[in-house]
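Chemist: The chain contents come next:
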Amino acid sequence: MKLTYYPGCTLKNKAENFENSAIFTLNHLGVEVQELSRWNCCGTVFSLTTDDLMHHLAPIRNLIRVKEANSDKVMTLCAMCFNTLKRANEYMKNDPEGLDKLNQFMYREKIKYDGDVEILHLLELLKDEVKFENIKSKVVKPLTDLKVASYYGCYLVRPQEIGIDDVENPTIIEELIGLLGGIPVDFPYKTECCGAYQTVDKPEIVAERTFQILQSVQKSQADVVVVSCPLCAFNLDHRQKETVQQFPEFKHIPVLYFTQLMAIAFGSPEDVLRFDLHYINPKPILKEKGLI
Amino acid sequence: MIVNISKKKVKSDFVNKVEELSGQNLLACYQCGKCSAGCPAISQMDILPNQIIRLAQLGLKNELFKSKSIWVCASCMTCNTRCPKGINVAEVIEAVRQILLRKRKDHIELKDLSEEEKREVPPIALIACFRKFTS
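In the order they appear, the protein sequences are chains A and B. Position 100, counted from 1, in the first sequence is what our numbering calls 100; the numbers after and before it change by one each time, with no gaps. Position 36, counted from 1, in the second sequence is what our numbering calls 36; the numbers after and before it change by one each time, with no gaps.
Hints in this document: simulated from the structure, not taken from any laboratory. Check the hints yourself; a few may be wrong.
[Said to hold, decoys possible] With a Cα cut of at most 16 angstroms, we get these calculated EDC-like pairs of lysine to aspartate or glutamate:
#1 K202(A) with E63(B)
#2 K68(B) with E124(A)
#3 K12(A) with E120(B)
#4 K93(A) with E161(A)
#5 K202(A) with E109(B)
#6 K9(B) with E63(B)
#7 K202(A) with E120(B)
#8 K241(A) with E120(B)
#9 K111(B) with D201(A)
#10 K241(A) with E117(B)
#11 K73(A) with E133(A)
[Said to hold, decoys possible] Where chain A lies over chain B, by a calculated footprint (3+ residues, C-beta under 8 angstroms):
#12 37-46
#13 72-83
Glycine residues also receive a C-beta, built at the ideal position from the N, C-alpha and C atoms.
Make the full structure from the sequences, and use the hints.
Modeler: This is the structure in C-alpha cells:
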C-alpha cells in the first residue's frame, strides 16, 4: 500500500522546519511516503455554509491527485490541511448529489472521485500504523529531563467526527513525548484557539491568546511547547514579539514542532531542525538539557 | 436597552437565510450559555455567542451586522462540540458573515496590508483570512 504525502503551502516555506524534521523522522522509522507530484492549496478552512460546493473543489482535487498516484491513503502534517481535506471528504461522502455535481464540474479530470481516500495525520500514522511501541526502540538520544507541554489547538481535534483524539482532553502527543524519554506536562489551555488567521489584521487578538495559553504553559513548569500546526506555531512563537509589548510581565518560551523533538531523539543533525525559522531560539534550553 | 421584537422580524427572510446557510435550527437553543462560557474569544467580543443565537432567532439582523463579534470568531468549534442541543454555533456565525460578504461587503482589503505584513505571516494565515473575510 503506497502512502502519499500532501504537504500544503506553508510546509514549503515558513514551516520547512516541520517538513524537514518529519521527513527525517519517517526515514529513521523506515516509513516510506511519497510526496504527491502535483497538488494545490487545500483552501485552508472548511466551508461552513451548506450551499458552498465550490469551495470543496480544492480539497477534493487533491484527493483525485492521490488516486492518480495509485494510492488511497494520504498523510498530512499541517493540522489545517488535515482538517480541510478530511472534512471535505466526509462532507462529500454524505452528499452523493453534491459529489456528483463536483465530478461533473471537474469533467476534465481523468478520475471520477467517489470519496474513497483516507486522510491521515502523521500522529495517527505513528500511533496506528508504525505503532507507538515500535518508536521507543528507535530513540538514540532520549529527551531526558525536558518538560514538554503539548498544544493541540483546534483543527486536530474538532469537530469530534474527524478528530484524531479525545475532543476535550487529547493525550496522543503527551504519549509520544513520554516514549521519546521526555516529561510530558499537562496544562488546561491545550485545545484553546490561538486566534488563527486573526493574526493577519488583528495581531492584538492573537497576542492576547498567546499570552493566556503560554502563561498557562509556564505555570506547568514546561521548558518548551510543541505544536503540529504551522499557524499555531507562528502565533505562539512569532507573535511573542507583540505579546511582550502588550503584556510586559510575559516571559518568552520556545515553541517547536513535535517532529523536531522526534528528530532530536532520533539523532538528527542540527541543520534538519532549521532553528533559523524560529522567533524564540530553542537552542539554549536544548543545549542546557544536553540535546544538541 | 430597548429591544423591539416583532412577528415580522421573527418570520423574516433573514432568519430563514441564517437557518438555510448554517443548516441549524435556531429555535433549538434554550440559552444555557455553554457556548459563551467556553468561547476563548469572548474578551474581544461585544455580544456573546449565545446572544448571537438569540438575536438571530428574533431576526434582529442590524444588531448582528454591526457587531464586532461576528468578525472575532475564528470558527474554533469549541461551542459546537459543547452545545447540549447539538447546535453548530460557529455555522450560525458563519451564515451571518456570509450574508454580509455576499453583498460584496468585504471585511478586509488586500491593499490595506503592508508588504511587511504580507511577508511576515505564513501563507495559510493569509489564505484563511481572505477565505473568511472576503466574498
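Chemist: Among all the numbered hints in the text so far, which are the ones the structure does not match?
Modeler: 1, 2, 11
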